[in-house]
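Trainee: With the hints as constraints, model all of the structure from the sequences given.
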Amino acid sequence: MKLIRVGAIARYTVLEAWRNRLIVIVLTATALLFVLSVFARELAVTESTRLQTALLASALRLASVFFVGLYILNGLTREFNDKVVELMLSLDLPRPAYLLGKYCGFALVAVGVAAIATIPLFLLAPPSRALLWGCSLGLELLIVAAVSVFCITTFTQLLSAAAFVTAFYLLGRSITAIQLMSSANLVANGGLGQKGGEWLADGMAFLLPRLDAFTQTSWLIDGALPTAVGSALIQTILYVALLLAAAMFDLYRKNF
Amino acid sequence: MRERPIGAVPLPLIWTLAAAFCAQLAFKGMEIQPVARAADLPPAPSTVTLRLLALGEPIGTAQLLSLYLQAFDTQPGISIPFKDLDYSRVEDWLDRVLELDPQGQYPLLMASQVYSQVPDTVRQRMILEWSFRRFLDDPGRRWRWAAHAAIMAKHKLNDLPRALRYAQELSRHATDPSVPAWARQMHIFLLEDMGEVETAKILLGGLLASGSIKDEHEARFLTERFNALEKTAEKSSKTSESQLR
Chain G
927 MKLIRVGAIA RYTVLEAWRN RLIVIVLTAT ALLFVLSVFA RELAVTESTR LQTALLASAL
987 RLASVFFVGL YILNGLTREF NDKVVELMLS LDLPRPAYLL GKYCGFALVA VGVAAIATIP
1047 LFLLAPPSRA LLWGCSLGLE LLIVAAVSVF CITTFTQLLS AAAFVTAFYL LGRSITAIQL
1107 MSSANLVANG GLGQKGGEWL ADGMAFLLPR LDAFTQTSWL IDGALPTAVG SALIQTILYV
1167 ALLLAAAMFD LYRKNF
Chain F
43 MRERPIGAVP LPLIWTLAAA FCAQLAFKGM EIQPVARAAD LPPAPSTVTL RLLALGEPIG
103 TAQLLSLYLQ AFDTQPGISI PFKDLDYSRV EDWLDRVLEL DPQGQYPLLM ASQVYSQVPD
163 TVRQRMILEW SFRRFLDDPG RRWRWAAHAA IMAKHKLNDL PRALRYAQEL SRHATDPSVP
223 AWARQMHIFL LEDMGEVETA KILLGGLLAS GSIKDEHEAR FLTERFNALE KTAEKSSKTS
283 ESQLR
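Residue numbers (the numbering used here), protein chains in the order written: chain G, 927 to 1182; chain F, 43 to 287.
A few of these clues could be false.
[Claimed, not checked] If we take Cβ atoms under 8 Å as the criterion, some of the chain G residues that face chain F in the derived model are:
hint, residue
1, Y1095
2, R1099
3, L1164
4, R1179
[What the hints assert, rightly or not] A short list of chain G residues far from chain F (calculated; beta carbon distances all over 10 Å):
hint, residue
5, A934
6, E942
7, W944
8, R967
9, L988
10, D1008
11, S1016
12, L1017
13, C1030
14, S1054
15, L1058
16, L1097
17, G1122
18, A1131
19, L1133
20, R1136
Don't read these hints as lab results, they were simulated from the structure. All C-beta atoms in this analysis are idealised placements derived from N, C-alpha and C, irrespective of residue type, glycine included.
Mentor: This is how it looks when you write it as structure tokens:
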């Protein structure tokens, strides 16, 4: 597999994002959210900067995930429906090269989105903290991009893939709380349902990345030490590798 | 579209997939287990804010708030002693839940059976008084919480005047025909020299017999609480017997 082919696919994926005005949309959304956060700051009676930073950071995080996830799902669905994938694969292009190229392109777009989303936070938080927050958001978006690629390769339908990505993200953000709460129940009946719930939560915690440990607002406003960034980096590498391998497995089995 | 056989997938890719899966499991196995940390219960938001956030779903929001509040006692993974909770805030949260869902009984059960178990008479009085005030808002539906408050006042607080006040108000306000006669005659039981277990038996037995408790979880929860009370009473009576010998 020649890297030049991967690079070409990645380049055209980034170019497509540029021409689809994704970056313009993300810039506009970031600006709008910033204006809204200024409005909220004006309403605050106390701790106005803290309130503005917290609202803006959480909104930017969600918006970034939404834009990256939806862009990838929509783009790849179109490629499958318009037989672009078949056309590509009819050329001298191995399936892994196509998938890796697409992912590399999407990863670059995700990093770009994370960078844009971090810009306004430099105005509100210490630069080192904002930078760490931005890096963590970049890692989170890399995972979201990999999940989106995997889902669309597996399901090839926008609705089912979007539902899966949403469920994955929400579970990833709440799995720690679910896991801990499943072991602390007021009505401790020790029944099968309760035990089953505990096992299910523990099992899911093994398979899902702990996204709640990523991109925390407290890093920006409370000066909390972001100790989990190293672990988030390892988790991102492992999870992206796993999802891409799974996506390739599915793509190899597809009969065009 | 039929899929190609697994044999069509190159072996190195299958190995990579298996290795990545094992690496993920190993990483999660090595990861430090999440540790729960006790956090202070924040002040309850205003009803207007909650109604705004509810997006026209006040009952669903009330249920979520109940679970949120409950999770503060048993915050993910830990049980916070109730004495560490700010009870005025707890009352505010319970009020918000009731304002969003006035027909719900969940906050009243939490107040009567969970928050009132704190080994602190000031907090016990606070939460019983809250339960009693909320009973006055809707006596027809909330009479059993006043009955429970009366028992608690007599046996946990040793405050007979308070217990009698609750019982007399219960008798005066709970005039709905659905309220059983024994509940309206609560003050008679209280004046009799009856132990806590006997009184609780009357209350729980009466509740179960009247069909007021329909939820299986609630019935089990109350029975468990009753059994625990009975065991404690047995233990203490055995101890006092052996001391007498």
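Trainee: Hints the structure violates: just list their numbers, smallest first.
Mentor: Numbers 1, 2, 18, 19 and 20, in rising order.
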